[in-house]
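Student: Using our numbering, the first residue of the sequence shown is number 1, and each one after it goes up by one.
Across the chosen pairs, the derived CB separations fall in these ranges:
| id | residue 1 | residue 2 | range |
| --- | --- | --- | --- |
| 1 | V261 | R12 | 49 to 59 angstroms |
| 2 | D221 | Q116 | 38 to 48 angstroms |
| 3 | N203 | P148 | 35 to 45 angstroms |
| 4 | D221 | T43 | 25 to 35 angstroms |
| 5 | V301 | G227 | 49 to 59 angstroms |
| 6 | Q144 | T194 | 38 to 48 angstroms |
| 7 | K225 | T247 | 37 to 47 angstroms |
Heads up, simulated DSS-like pairs for lysine-lysine below, C-alpha to C-alpha not over 25 angstroms straight-line:
| id | residue 1 | residue 2 |
| --- | --- | --- |
| 8 | K251 | K280 |
| 9 | K223 | K198 |
| 10 | K39 | K120 |
| 11 | K39 | K225 |
| 12 | K26 | K120 |
| 13 | K39 | K223 |
| 14 | K264 | K251 |
| 15 | K225 | K192 |
| 16 | K176 | K192 |
| 17 | K225 | K198 |
| 18 | K288 | K251 |
| 19 | K288 | K264 |
| 20 | K120 | K67 |
| 21 | K223 | K192 |
| 22 | K176 | K198 |
| 23 | K280 | K264 |
These aren't lab readings, by the way, just hints derived from the structure by calculation. Here a beta-carbon is modelled for each residue, glycine too, at the ideal position from N, C-alpha and C.
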Amino acid sequence: MPEHLVLTGTLRASQESEVAADAAGKVTATFVERGQRVKQGDTLAILDARGASISASAANAQSQLAKAQLEQAQRECERVKSLKETGAISQAEYDRVTSQCQTTQWSAAAAQAQQQNAQKIVGDSVIRAPFAGVIGERYVNVGQYVQPSTRVVTLYAPDPLRLELTVPEANVAGIKPEQSVVFTVSSYGDEKFTGTVKFVSPNLRPTTRDLVIEAFCPNADLKLKPGMFAVARLETAEKPQMAVPATALVKQADATRVFAVVEKRVEERIIQTGAERDGKVAVLGGLKAGEHVVVSPGTDVRDGAQVQ
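Construct all of the structure, not just a fragment, from the sequences and the given hints.
Tutor: Here it is in structure tokens:
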């Protein structure tokens with residue numbers, strides 16, 4: 001039978017972000033409400049980009065002009081290089097033209113960078129979802145002026161969820177990734193949910209002397225919510241332990257009994273039971289290892305009866 005730990009923890013979103021504006025401007029449109037599901041790349045809000053578009057057009061024109069000037073300067077450099085080789089121009093004239101060519105090249109690079117920055121500002125006027133998830137809160141409305149870093153929405157990814165658990169120091173030896181977790185939350189009574197351990201902290205927390213682990217839990221139907229408190233059962237390792245078929249148990253109000261077979265006679269035993277798994281129940285006391293029991297005792301089985 002497996003050993004297990006009973007742990008408590010909290011469900012958290014696998015990803016959560018306060019999506020902020022990357023540009024300044026007036027909000028001209030919003031496209032989401034609280035609780036709405038979105039896909040990665042979906043538009044959340046749009047800012048007024050008219051000024052940015054004008055600046056981008058000017059930067060583009062300046063970049064094209066600088067590119068044309070660079071091409072002309074490069075042709076001039078090639079011409080004076082040929083003249084220098086034939087001795088038709090002085091070293092000073094050659095140095096002046098090549099220096100001007102280098103300066104023009106830097107100017108063209110600066111103009112291109114300004115164009116790219118202007119285009120980015122235009123693109124930043126459309127605020128998009130960085131990942132698929134659910135809108136938790138929307139902070140802006142049409143007409144509101146925002147600055148870079150102004151919160152626009154809270155976005156969280158609810159599938160899968162992360163179940164954060166803490167393991168006491170005495171129990172950390174049996175913890176490893178890919179272990180199965182079964183847990184319940186008070187909202188759904190005895191309904192069981194499952195997860196798989198994906199993260200085991202490399203160190204214990206010094207103040208509480210415990211180990212933080214995380215299990216990823218499927219949540220396609222979104223029944224589970226971030227922040228829910230969970231009681232989890234974590235199977236750690238197989239431990240040799242006596243077990244009998246569940247059908248061998250005779251449960252009564254005062255005790256649980258089985259009928260052991262000793263030297264061809266039935267002996268009624270009161271036993272202490274543990275966990276049940278795959279139709280077998282762990283026996284914590286009342287039986288000895290190797291003893292046989294009646295698997296399906298009928299009403300005619302009595303203490304002291306002979307068996308063949």
